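Enquirer: Chain residues, written in single-letter form:
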Amino acid sequence: MTRIADRFAKLAHERRAAFVPFIMAGDPDYETSLALLKALPGAGADVIELGVCFTDPMADGPAIQAAGLRALKSGQTLKKTLAMVRTFRQQDDETPIILMGYYNPVCAYGPADFVRDAKAAGVDGLIVVDLPPEEDAELRLPARAEGLDFIRLATPTTDARRLPMVVKNASGFLYYVSVAGITGKAAGETQAVAAAAARLRAASGLPVAVGFGIKTKEKARDIAKVADAVVVGSALVERLASSLAQSRGKSDIVVKSVLSLARDISGAVRAPREE
Amino acid sequence: MTGPTSEKLNTYRAGPDAEGRFGKYGGRFVAETLMPLVLDLEKAYLEARSDPAFQDELASYLKHYVGRPSPLYYAERLTAYVRGLSAPGKGAKIYFKRDELNHTGAHKINNCMGQILLARRMGKTRIIAETGAGQHGVATATVCARFGLPCVVYMGATDVERQKPNVFRMKLLGAEVIPVTSGRATLKDAMNEALRDWVTNVADTFYIIGTAAGPHPYPMMVRDFQSVIGREAKAQMLEAEGRLPNAVMACIGGGSNAIGLFHPFLDDSDVEIIGVEAAGLGLSTGEHAASLSGGRPGVLHGNRTYLLQDADGQIKDAHSISAGLDYPGVGPEHAWLHDVGRVQYQSATDDEALSMFQLCAELEGIIPALEPAHALARAVDKAQAMGEDEILLVNLCGRGDKDVFSVMDILKDR
Numbered sequence: 001m002t003r004i005a006d007r008f009a010k011l012a013h014e015r016r017a018a019f020v021p022f023i024m025a026g027d028p029d030y031e032t033s034l035a036l037l038k039a040l041p042g043a044g045a046d047v048i049e050l051g052v053c054f055t056d057p058m059a060d061g062p063a064i065q066a067a068g069l070r071a072l073k074s075g076q077t078l079k080k081t082l083a084m085v086r087t088f089r090q091q092d093d094e095t096p097i098i099l100m101g102y103y104n105p106v107c108a109y110g111p112a113d114f115v116r117d118a119k120a121a122g123v124d125g126l127i128v129v130d131l132p133p134e135e136d137a138e139l140r141l142p143a144r145a146e147g148l149d150f151i152r153l154a155t156p157t158t159d160a161r162r163l164p165m166v167v168k169n170a171s172g173f174l175y176y177v178s179v180a181g182i183t184g185k186a187a188g189e190t191q192a193v194a195a196a197a198a199r200l201r202a203a204s205g206l207p208v209a210v211g212f213g214i215k216t217k218e219k220a221r222d223i224a225k226v227a228d229a230v231v232v233g234s235a236l237v238e239r240l241a242s243s244l245a246q247s248r249g250k251s252d253i254v255v256k257s258v259l260s261l262a263r264d265i266s267g268a269v270r271a272p273r274e275e
Numbered sequence: 001m002t003g004p005t006s007e008k009l010n011t012y013r014a015g016p017d018a019e020g021r022f023g024k025y026g027g028r029f030v031a032e033t034l035m036p037l038v039l040d041l042e043k044a045y046l047e048a049r050s051d052p053a054f055q056d057e058l059a060s061y062l063k064h065y066v067g068r069p070s071p072l073y074y075a076e077r078l079t080a081y082v083r084g085l086s087a088p089g090k091g092a093k094i095y096f097k098r099d100e101l102n103h104t105g106a107h108k109i110n111n112c113m114g115q116i117l118l119a120r121r122m123g124k125t126r127i128i129a130e131t132g133a134g135q136h137g138v139a140t141a142t143v144c145a146r147f148g149l150p151c152v153v154y155m156g157a158t159d160v161e162r163q164k165p166n167v168f169r170m171k172l173l174g175a176e177v178i179p180v181t182s183g184r185a186t187l188k189d190a191m192n193e194a195l196r197d198w199v200t201n202v203a204d205t206f207y208i209i210g211t212a213a214g215p216h217p218y219p220m221m222v223r224d225f226q227s228v229i230g231r232e233a234k235a236q237m238l239e240a241e242g243r244l245p246n247a248v249m250a251c252i253g254g255g256s257n258a259i260g261l262f263h264p265f266l267d268d269s270d271v272e273i274i275g276v277e278a279a280g281l282g283l284s285t286g287e288h289a290a291s292l293s294g295g296r297p298g299v300l301h302g303n304r305t306y307l308l309q310d311a312d313g314q315i316k317d318a319h320s321i322s323a324g325l326d327y328p329g330v331g332p333e334h335a336w337l338h339d340v341g342r343v344q345y346q347s348a349t350d351d352e353a354l355s356m357f358q359l360c361a362e363l364e365g366i367i368p369a370l371e372p373a374h375a376l377a378r379a380v381d382k383a384q385a386m387g388e389d390e391i392l393l394v395n396l397c398g399r400g401d402k403d404v405f406s407v408m409d410i411l412k413d414r
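Protein chains in written order, with this note's numbering: chain U, 1 to 275; chain P, 1 to 414.
Hints are supplied without guarantee of correctness; some may be wrong.
[Said to hold, decoys possible] Restricting the straight-line Cα-Cα distance to at most 20 Å, the calculated cross-link-like pairs of lysine to any residue (SDA-like) are:
| no. | chain 1 | residue 1 | chain 2 | residue 2 |
| --- | --- | --- | --- | --- |
| 1 | P | Lys43 | U | Glu138 |
| 2 | U | Lys119 | P | Asp312 |
| 3 | P | Lys24 | U | Glu138 |
[Claimed, not checked] Chain U residues, not near chain P, derived (Cβ > 10 Å throughout):
| no. | residue |
| --- | --- |
| 4 | Ala12 |
| 5 | Lys79 |
| 6 | Thr87 |
| 7 | Ala112 |
| 8 | Leu141 |
| 9 | Pro142 |
| 10 | Ala180 |
| 11 | Arg201 |
| 12 | Thr216 |
Calculated directly from the structure, the hints in this document are not laboratory data. Note that the structure is a prediction, hence the values are computed from the model and not measured. The beta carbon of each residue, even a glycine, is placed where N, CA and C say it ideally should be.
Go ahead and model the full structure; you've got the sequences and the hints to work with.
Expert: Take a look at the structure:
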């Protein structure tokens, strides 16, 4: 069993959805970001998505774009992101970590070297936004050979014709992008998301995580009722940005502020299912 | 032929393959949300391409609206100038393919006309585009006005400031110009923003990409629409001289005018083909836009190609005096032609382009855009090395009206 499979099995047993916070590695700097990463499991994170910064994040909205730029400015690289995971693993060997980003930094690192180093650092899965099923073999195959899950994305435009191809080589879980659009915009209607999640679960046999635009406790609670995992990114990143501005860059205040929102949302996600 | 993996092929015109690859370059590196759209677009384009009614309609608009064919012109005084610098018996005859005489002043409209006819055929009701200098934005706004479709143009905030006349032109043509402040507010960021719009408005929107890059089928489609340049030039050269040119040259940013000129000549093995990238302040300074000479392969904006990037795979800002060449990537077909050695890629600096801007104006009464002025810089060298019985064809892909104010400012400071 992998950390991802273990975690979803445990949550299925508890009959609740996973809370999956997203933070950008290196935002606003390495140390603050590492402190945040280390504290997230304590704030209710069941799985963590760690963003890999890229200069041209074409699927991201303003909040995550800004987070990526802050990370780049502070000198974050893919190598440092792996180092961050390695440090995290010294204290936590259970919480799955998924790296999420774009292909070019991985290309520059070299796919074979990257999957080897990522596995050794304690990464569990990869989401690469600009590698659709038609193009992902060059990273998916070496990743799977190393035992890393390669997480496929499904969207409202993934129609019945494409779905079999999308689920065919998926592993870990399926990530459902709840709206056609960029990160941080409004999330899809809960009913439509419920139908999509059910369809994807049936087609893939994998847990379904839902993300893009889930910003409030209320929305998180709604989605938690119909999905296996709730991904929250822009809201946390926006909180980080605003507390950074208010505290004039005080690292401990920033960490506290983001964790308090994470705790709120995780509470909503953990609210027991009624049925 | 030169190049690291130089090889002779039976044809250089077979690409791309079914996955949109030219060798290892190209492809469809887009988010899942966009995949169904680019697949639909490919299908619709292939149907249109083989439909005589579509081709007739396009040909008619190119003739009556764009003003094609553009003339082939013997640049007599530039040729005399070059011969004055050359050894005895040297100094090729220089011809211009005058795509700067097209409606809107550049080659960009060849592609916009093709894409908007396709958009109409697909029933799309909203057009988006990215622009750097504003030439592609103006061409897109123009065809949108002609066909009565709403048009949104994304333009880096820095470029909006630098290219005010083109911003006004686009607005006059009814387009909405959205300044892009994300990232570093340049052409690549405008392209990111256009992709973000497309991913959000998947049902009704057609994205008219301005260069021969992006996810398949764009590089192929833009090349096909721009190949009218090379097809005309070939026929006109045979008529004027009874033979093909010995060498053809064009400037390269993303590379749409160049691939349009080159593609019909790729299998004419006696024709030497040279592309000229923007060397900015000089290749050694790092301040340039020469992805082939100074970059390495990676993935950006939907395709694998040569990119300006750092060791971590972060995209570097390009620099060129010419906003139209100021892009950190290059079309994937050029990346492949570079690797197989069929096309030779050189570069010219800001200063060299500036000199040619002035020289061409003085000698030929033609103010070229700063983009083809880069090609002219290497053409003048190349012609000196060729025999006087040889012919060199240069694509004059745009006129310099848009550049006169910025050039005036630069010259004033010197």
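Enquirer: Each hint: holds or not?
Expert: So, going through the hints one by one against the coordinates:
Straight-line distance between C-alpha atoms of P/Lys43 and U/Glu138 comes to about 25 Å, which puts the hinted pair past the 20 Å bound. Between U/Lys119 and P/Asp312 the alpha-carbon distance is near 19 Å, which keeps this suggested pair within the 20 Å criterion. Straight-line distance between C-alpha atoms of P/Lys24 and U/Glu138 comes to about 12 Å, which keeps the hinted pair within the 20 Å bound. Interface exclusion of U/Ala12 from chain P stands, the closest Cβ pair being 26 Å apart, more than 10 Å.
Remark: the non-interface label on U/Lys79 conflicts with the geometry, its nearest Cβ contact in chain P lying 8 Å away (cut-off 10 Å). A cut-off of 10 Å between C-beta atoms confirms that U/Thr87 is not in contact with chain P; the least separation is 19 Å. Under the 10 Å C-beta cut-off, the non-interface status given to U/Ala112 relative to chain P holds; the minimum distance is some 15 Å. Listed as outside the interface, U/Leu141 is consistent with that label: its C-beta sits roughly 16 Å from the nearest C-beta of chain P, beyond the 10 Å cut-off.
With 10 Å as the threshold on Cβ separation, the claim that U/Pro142 sits away from chain P holds: the shortest Cβ distance comes to roughly 16 Å. For U/Ala180, the non-interface assignment is contradicted: its Cβ lies about 5 Å from the closest Cβ of chain P, within the 10 Å cut-off. Distance check for U/Arg201 against chain P: the nearest CB is about 17 Å away, which clears 10 Å, and the non-interface claim stands. Distance check on U/Thr216: its Cβ is at least 21 Å (rounded) from any Cβ of chain P, clearing the 10 Å threshold; non-interface status holds.
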